[in-house]
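Asker: Residue numbering for the sequence shown follows the working numbering, beginning at 1 and increasing consecutively.
FYI, nobody ran anything at the bench for these hints, they're computed from the structure.
Bear in mind that the values here come from a model prediction, so they are computed numbers and not experimental data.
Where hints are given, some of them may not hold.
What the hints assert, rightly or not - Subject to a maximum C-alpha distance of 30 Å in a straight line, what follows is the list of computed BS3-like cross-link-like pairs (lysine-lysine):
1. K201 with K175
2. K175 with K136
3. K136 with K201
4. K260 with K201
5. K260 with K175
6. K260 with K136
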Amino acid sequence: MPAPERIPSRSLTDTDALTLLTEGTLTVLGQVGGASNAVLHCTVAHDGEERTCAYKPVAGEQPLWDFPDGTLAQREVAAYEISRATGWDLVPPTVLREGPYGPGMCQLWIEGPESDADVPELLALVEGEEPGEGWKAVGFADVGEGRTALLVHADDPRLRRLAVLDAVINNGDRKGGHLLPAPGGRLYGIDHGVTFNADDKLRTLLWGWAGEPLTAEALAVLERLTAALDPGTALATRMAELVTPAEVEALRGRVAALVKDGVHPRPSGQWPPIPWPPV
């Protein structure tokens, strides 16, 4: 697969990016390896602008026992819509559109920082039973030869916002490889196909704040999101186009529970809380 081109320095507004992704001409460069569903690396060009993007055709989705067939692309877009509504903009601009292999999800490609020195360390395995300063413990992991190490993530406000978003959208697959640092200190989350299930499916590497009080910022965002999801609002109407009525009601319920409880959720204990493989 050709090396991805760097996003040009001129930034796009979200509206510009959505127009480009929706109306632009898609050209497939190659397939991204290692994904369980088809992910195509593309360029998208429109009205003199060109960017790189990820295109996931519905035809390339693998069936799942606990999600309706052919709905993962819609769930990716739904995650973007909720992220945008929070004002945190943690998910890259994402749309549904027709492409070379049929309808699918199209998402702006996020390039990393220019220098490796600007890539933050977000996850680590450490010896001992306690995380060091600036880190939050997730749990112990088998590292082979009968040894374990403590899995930790950074005590980083960007990750904490993402942990709240994951609780809202009921993300069943928050892995380390789904965290994308970007220039300017931005951090994005990607791969949100297994989200919005009406049943509790939260599986994540970001359990470090479990049981801790939500920040004042997070509570304010959740209260605004509560109002934005009232029946008849633009966001509620949009969500009803993307997920089932039961899943929209469950979404409202999760937001209400977070506001009422005022704490980050804890693992349910019904299944392994960390996705596998974790990266």
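Asker: Between K201 and K175, does the CA-CA distance stay at or below 30 Å?
Answerer: OK: K201 and K175 at ~14 Å, within 30 Å.
Asker: CA of K260 to CA of K175, is that 30 Å or under?
Answerer: This hinted pair holds, its Cα atoms lying about 28 Å apart.
Asker: Verify the proposed pairing of K260 with K136, using a straight-line Cα cut of 30 Å.
Answerer: holds (24 Å)
Asker: Check the hint pairing K136 with K201 against an upper bound of 30 Å on the C-alpha distance.
Answerer: The hint holds at about 22 Å.
Asker: Decide if the proposed pair is consistent with the structure: K260 and K201, CA atoms, cutoff 30 Å inclusive.
Answerer: holds (20 Å)
Asker: Compare the distance between the alpha carbons of K175 and K136 with 30 Å, and conclude whether the hinted pair is satisfied.
Answerer: The hint holds at about 16 Å.
No hint from the list above goes unmet by this structure.
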